[in-house]
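**Q** What follows is the residue order along each chain.
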Amino acid sequence: MRPNSHRGTIFLEEGEILQRTAYEGEQYLLRLRAPACAKAARPGQFIHLRCQEALPLRRPLSILRAQADWIELLFRAVGRGTRALARQPVGARLSLLGPIGQPFQLPSSEKPVLLIGGGIGIPPLVFAAQILHRRNHGRVFAAFGSEIPFPFAPKPAEFLVSGLPPDVIAAMPLLEDWGIPNRLASQQGYPGCFSGYVTDLARRWLQSLEPTAAAQTEILACGPQPMLAAAADLARAFGCACQVSLEAFMACGVGGCAGCAVDVHTAQGLARKRVCVDGPVFDAHQIF
Amino acid sequence: MQTASAPQLGLDFCGLSFATPLVLLSGCVGFGEEYTRVQGFSHREVGAVCLKGTTLAPRLGNAPHRLCETPGGLLNAIGLQNPGVDAVIRDILPRLDFSETRFIANVSGSTVEEYAEVTRRFDDSPVDAIEINISCPNVKAGGVAFGNDVRMSAQVVAACRRATKKPLITKLSPNQTDIAANARACLEAGSDAFSVINTLMGMAIDIERRVPVLGNNQGGLSGPAIKPIALLKVHQVYQVCKAHGVPIIGQGGITSSEDALEFLIAGASALGIGTALFYDPLICGKINRGIADYLRRHGLDRIDPLIGSLRLHGEFTGDSCDQ
Ligand SMILES: Cc1cc2nc3c(=O)[nH]c(=O)nc-3n(C[C@H](O)[C@H](O)[C@H](O)COP(=O)(O)OP(=O)(O)OC[C@H]3O[C@@H](n4cnc5c(N)ncnc54)[C@H](O)[C@@H]3O)c2cc1C
Ligand SMILES: Cc1cc2nc3c(=O)[nH]c(=O)nc-3n(C[C@H](O)[C@H](O)[C@H](O)COP(=O)(O)O)c2cc1C
Ligand code: FES
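Sequence lines, in order, name chains B and U. First residue of the first sequence: 105, per the numbering used here; consecutive thereafter. First residue of the second sequence: 15, per the numbering used here; consecutive thereafter.
Misleading hints may appear alongside valid ones.
Said to hold, decoys possible - If we take Cβ atoms under 10 Å as the criterion, some of the chain U residues that face chain B in the derived model are:
(1) N76
(2) L291
(3) F292
Unchecked claim - Chain U residues, not near chain B, derived (Cβ > 12 Å throughout):
(4) Q190
(5) V227
(6) P242
(7) E276
Because the hints were derived from the structure by calculation, they are not lab data. Backbone N, C-alpha and C fix where the C-beta goes; we use that ideal spot for every residue, glycine too.
Make a model of the complete structure from these sequences and hints.
**A** Given below as structure tokens:
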């Protein structure tokens, strides 16, 4: 018998809501006390959360960041589960399973890293930025896009980024604090934002690099499917590696039901892999 | 008053010793090791684990979406995704820890011959028993098409019976008019036990796009929503089984020890836990403790006296429609 190394890696906790912040566009930031999950969490992983007693099936939500004994989530209320979650008050206790899934592989400091996040796909990339900051990775750029107001107050960037129009100055304060250059994109004409797709903003940055540096870049992306496809195309155009984080409807969240399968193109041909435990992070070139 | 010794939850199921009456259900726990990811989860809390439905050749399964939550339940249309029987025996069974629990293979096919061949290959493997799924609603050929036809059901059972000496469990479909008649035919064909019930066929519709939510259009409904149906079906099959001492794994919507006890009283010897694991991965310990508490309160030291202990109001007619 070969014991499985994955045993006991996911924790079941009663997460108490410590903080709750509402943003425009039905977006919410929750801080939950979940010590075991917080300790083990890595960027790209998610939790499977019961939003409400009356809705027993859990909902998957990415970990925005983890610190001490808490984790943070950023979500948009879009349906029954997330709307119920949005109504939960500070102090409420919610059953959560986590951390779950294959995290982003964070490259060594020689390789440039390009983080591309769209809408509710931004959270795992904020977590990745935090860890890259802790590792003193000096060559990171983050491009975040949203078509509804950003769930934070953008501020003028301190860090210069070459290759961008001079009026593209809006940045995410948290990443600025960590010293990670970043810019925001939108088609809604928000002040200081790059006007267009977030992947076009990312392309400008890649174009500003030496071709060899561009080809060494590791792209990490999470967001809507068309954005991920565009990120994969971008990676192909510049010859760089790309990891994408996918979404799927889930039941168990631990690999038991095969309900969350997606098509993956492997060397052996088409396979269907589980987003919860084989993903959510996959090699973009095997998906698109 | 509490008795000194703890009640005994273990049982003999077709000659296999089950540590508790709980059985983790096919399709809900992958190929056995998946839930061990959860800290605190232990296979020692269950009598057996049924592996995912397995066919002769590998199957990719259905296109997404494969799941949809419904009030009190879950629709699924996985489509029997599995790597094929040979890969299961070669790559998966050696990784399972048989000291922790019993492992039961779950067999599917599109022809009688395929059922028999998959059963034959599992016969020559370490699995403890074989469950034949003649009730899968999510594949076009075989599955429920066999399970809803009494003659075909019996043919599949007879062919599998010839292919194995291991305990043979037939998983019956609730999507049929007379489950008792089917159970009788399968019993005569050599089934050692029954699983009652598999999922009920259902559908969910995306009203904005006017398309079914599931990629397969329809799916199998599980969870608390189907429990009353499952209880009645278990009791109907129990009427057939009791004289022969043939045990039933009662299943369909069990999420608490109270649910589990209802199934025991209706005639089940073992209790399947599927969808409830999605709600609470550590539910089995809670259900075991709840059953033990009940036994203590009723002055019982084991579950046997409960099985089929239902006291009916008058005679059980089985199929009457009393609206
Ligand atoms: C790995 C992963 C990480 C995610 N991270 C975030 C995040 O950080 N922030 C955020 O706002 N959202 C995130 N999502 C999406 C989030 O899970 C869905 O918005 C949520 O499940 C919708 O549930 P609902 O009941 O509100 O919506 P409904 O539409 O009522 O949901 C009905 C059912 O469909 C499922 N479903 C619907 N949309 C999705 C979807 N996009 N992905 C998965 N299941 C879905 C639900 O889980 C539920 O079972 C993530 C999804 C995955 C798979
Ligand atoms: C996602 C999912 C997949 C399933 N796959 C199988 C399968 O491969 N073979 C089988 O015999 N039953 C399968 N079933 C049926 C279950 O084993 C069980 O009979 C049914 O779900 C009722 O129990 P429950 O309400 O406790 O889940 C599946 C059920 C679910 C929810
Ligand atoms: S949600 Fe069950 S396998 Fe991924």
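**Q** Per the CB criterion, is L291 of chain U less than 10 Å away from chain B?
**A** Holds, about 7 Å.
**Q** With 12 Å as the threshold, tell me whether Q190 of chain U passes as away from chain B on beta-carbon distances.
**A** The claim stands: Q190 of chain U keeps its Cβ more than 12 Å from every Cβ of chain B (closest is about 25 Å).
**Q** Under the criterion of a CB-CB separation shorter than 10 Å, is N76 of chain U in contact with chain B as hinted?
**A** The hint holds - N76 of chain U has a Cβ within 10 Å of chain B, the shortest such distance being about 9 Å.
**Q** Report holds if the minimum CB distance from P242 of chain U to chain B is greater than 12 Å, and violated otherwise.
**A** Holds: least Cβ distance 18 Å, greater than 12 Å.
**Q** Taking the closest pair, is the beta carbon of E276 of chain U still more than 12 Å from chain B?
**A** 19 Å, holds
**Q** Per the CB criterion, is F292 of chain U less than 10 Å away from chain B?
**A** Since the shortest Cβ distance to chain B is 5 Å, the answer is holds.
**Q** Is the nearest Cβ of chain B still more than 12 Å from the Cβ of V227 of chain U?
**A** About 9 Å separates V227 of chain U from the closest Cβ of chain B, which leaves it inside 12 Å; violated.
Comparing the model with each earlier hint shows a violation of hint 5 alone; every other hint is respected.
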